[in-house]
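These protein sequence lines are chains X and H, in that order.
The numbering used here puts the first residue of the first sequence at 4, with every later residue one more than the last.
The numbering used here puts the first residue of the second sequence at 5, with every later residue one more than the last.
Be aware that one or more of the hints could be misleading.
[Unchecked claim] Reference excerpt, derived from the structure (chain X facing chain H, CB under 10 Å, subset only):
id, residue
1, I40
2, P99
3, L106
4, P108
5, I110
6, T111
7, L115
8, F118
9, V122
10, F127
11, T128
12, E132
13, L200
14, I203
15, V292
16, V304
[To be verified] Derived coverage of chain H by chain X (criterion: at least 3 residues anywhere in the stretch with Cβ under 8 Å from a Cβ of chain X; other residues may be distant):
id, segment
17, 125-139
18, 256-270
19, 328-340
I should point out that these hints are in silico values taken from the structure, not numbers from a laboratory.
Note that beta-carbon positions come from the ideal geometry of N, C-alpha and C, so glycine has one too.
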Amino acid sequence: MTFTDFLQLLTDGLVLGSMYGLIAVGYTMVYGILQIINFAHGEIFMLGGFGALFAYAWVPALHEISLWAALPVMLVVGVLVSVTAAVAAERFTYRPLRNAPRLAPLITAIGLSLFLQQVVFNFFTLPGESMGITAPVPFPQLDGGPLRLGGVTVSYAAILTLVVAAGAMTGLTYFVGRTRTGRAMQATAQDPKTARLMGIDTDRVIVVAFAVGAVLAAVACLTQGLRLGSISYNMGFIAGLKGFTAAVLGGIGNIRGAMLGGVVLGVAESLASGLLPHLPSLQMFGGSVWKDVWAFVILIVVLLIRPQGLLGERIADRA
Amino acid sequence: MTIKMSSRVAQALTATGAALTLASPFLAWTWTAAYPGNLTLNGYPGGSQVVTLVTGLLATMFAAAAFGVPGVRRLAPAGAVRALRAASLAALTTTWVTVAAIAITLGGAVNVEPGGWLAAVAVLLLATGAHALADDTAESPPKGVRLPWAVEVALITVVFLAAMFVLTYGITTDSAEDFLAFLPAAGFGARALSVAGVTRRISEINARHRVAVAALASALVFPFTQTGDQYTAIADNILVFAAVALGLNIVVGLVGLLDLGYVAFLGTGAYSAALVSGSTFSTFHIAPWPFWATALLGMGVSLLAGLIIGAPTLRLHGDYLAIVTLGFGEIFRITVNNLDGTSGPSLTNGPNGINAIPDIELFGFDFGAPHTILGVSFGRFANYYLLLLAVIAVIVFVYARAGDSRVGRAWIALREDEKAATAMGIEGFRFKLLAFGLGASLAGLAGTVMAHLQTNAVPDNYKFADTAPPNSAFLLAAVVLGGMGTISGPLVGAALLYLIPAKFEFFNRYQMMLFGLALIVMMRFRPEGLVPDRKHQLEFHDEQVSGAEARQVAAEATV
């Protein structure tokens, strides 16, 4: 294990973590306002990737041009699909349950998650193939070999992930901090009743929170497709679990915390699967099959030591 | 829904419809025995005709009660007309499903004989008449009379036997058509009994005598009615599923903790049992442990896992528990998948799992060999059926006793309002951990039996969501669909969720999608489940409940 190997692991972790962070933002924003875990967020993420792939597969013109030029189109379609699904989910499943006991929206979310996953499984169709998918579907790849920076290998897709994540976070910080809607969102998160009395349309704010989360999730899924070369109808489950873990890690309800939590989780996962094989007694637990286990162990440890998360403040339960 | 019509005409329609409905099953509905159940004979009802006959009888009974026939009236204490309507819908749906299925599966309406058409028209007359009659729902149903002890116990036993008979019919239907005709009949039939006030009366009597023994006794009858192992195997799987769902119901229904990885505790129990079973695939090459020791081990290991998961998370907001258990469920599967000696330490034999687990031998009783009891031969699955009944009895006992105790009241208080409960001096964390650990160990117990029943423990049996139960999503759905916080709810939920996928293989591909949709719709319109806990029902529909009723329930709760 050389220092270069270590740098490689760090870089991989950073890329992975940026993607986790993008997913985590969606969880944290909805939780910050409604105090519900939108379990279906992982599926919103997955839909973004399939939306993008759908556009690429069914518009032949996109095959003629470079994938770099086709990306914006794919991104727009993916984002549209994700946002539509998220907003519809909010409107038709979560909103009617806003005053129901806590268990109800959680169970609804699980149902929604299964439903969306299975809709893709049953009905996603590629040109010239029968309806429905069973195996992971190949995702178009960016041309050009990986870059070598020092001894570290980075693919274009990885760089794109980092750039997009940084851009998205900058945009989001501006949106939440500076725009009217963003500030309305902060106010609603602090105290929905008072916010409503101050004339804020809280229903609209909630829809915006779902939509913004969906945009970032769709972007994340697109980058994952580009990095790994395939997407699958059940990818949302683990991705959602990781995204939520990242959100908790950073302090749920805190948007910057979500990004930080994502990066910490990604780096920890990458180091665990890369470094453990070099430790004499733990080498059996290294490798990629165990990385999800380590992510989970990290979550348990954080909940034990610092349950409010890295950047979270201990806030009283809202009655 | 009511239809406007003079009451004379409505009564005449109902009576004619009922009479014709009762007569029609005795005619031939189709010409060929190709349709399952042989509906071709005159004078001898077969297959789904029996369902029409039974629902017709139910409707006739409530029609008699609605017309004020002396004596019958007492069968519908809360009002007969709504019950009659539900019963007529039961007859209508089951008959039309059958007639439509004959036309579709045999390729055309020409295959329906006059008897079938008569049945279809008869049930329509019956349903129209029933919906035109004036509603006679009693404002406050009269208090039930107390009958002699022996009579009440006998009554309960008969009721349980009848319920068992209905369930057995559902299990033993051997075609999707028959099951499709059975399902709405059972649903509307149950609704008829419920709105008639019969269900309420029965549960009152039940509460007076605590005749859980009667329920157990009627469940014991099932293997005596079976000649082969085919349906007993199905019943066994339902019982495993139901046992685990009941365990989960303590955690979700009583304490309100959402456990999304419950199947992992079942898996922990199953793997513990598999490892000490003496199977050649087990890493421990030891003589098989006696089953009682295995059961204790399975419970102990699951309890330990429950405490490890619960201790850090139960102090926090409930939502954290949901995600941590979801993670744990997945981690369990990944772990047992990789403890195969190459990608991890050697323990569980990886994706192949531990196979060839020998049958249980308990106090010299070999569960693998057939036994003859009262002249009836009990095969392997019937033996396990008895064992699983015992496990369920243990779980129900623990559930009922814990639920009625100080601990149970603390759990319910925590579920209803954690802050208020804590302010009253209930230590939330301790009670929650107790429930979580108890739930985990009961699942572990069920797991030990499951490993022996299925003769293997493989990772893919313990997923979060899959097309066949038990898995975490189905378990949760069984509890929610059946009714949180009740004993019969998860049993009903488990039976339904096992039978529906098993009987309708043709929609395998769409099954999970419809299932997800069902969860969403259920939470939106009937969050309290099919067999609601009265308290839950009030909580979910408080705007629809009168003050008097709320006070009555409150009074019952304090007794």
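(request) Any hints from earlier that this structure breaks? Give me their numbers in increasing order, please. (result) Hints 10, 11, 12, 13, 14 and 17 are the ones this structure does not satisfy, whereas the remaining hints hold.
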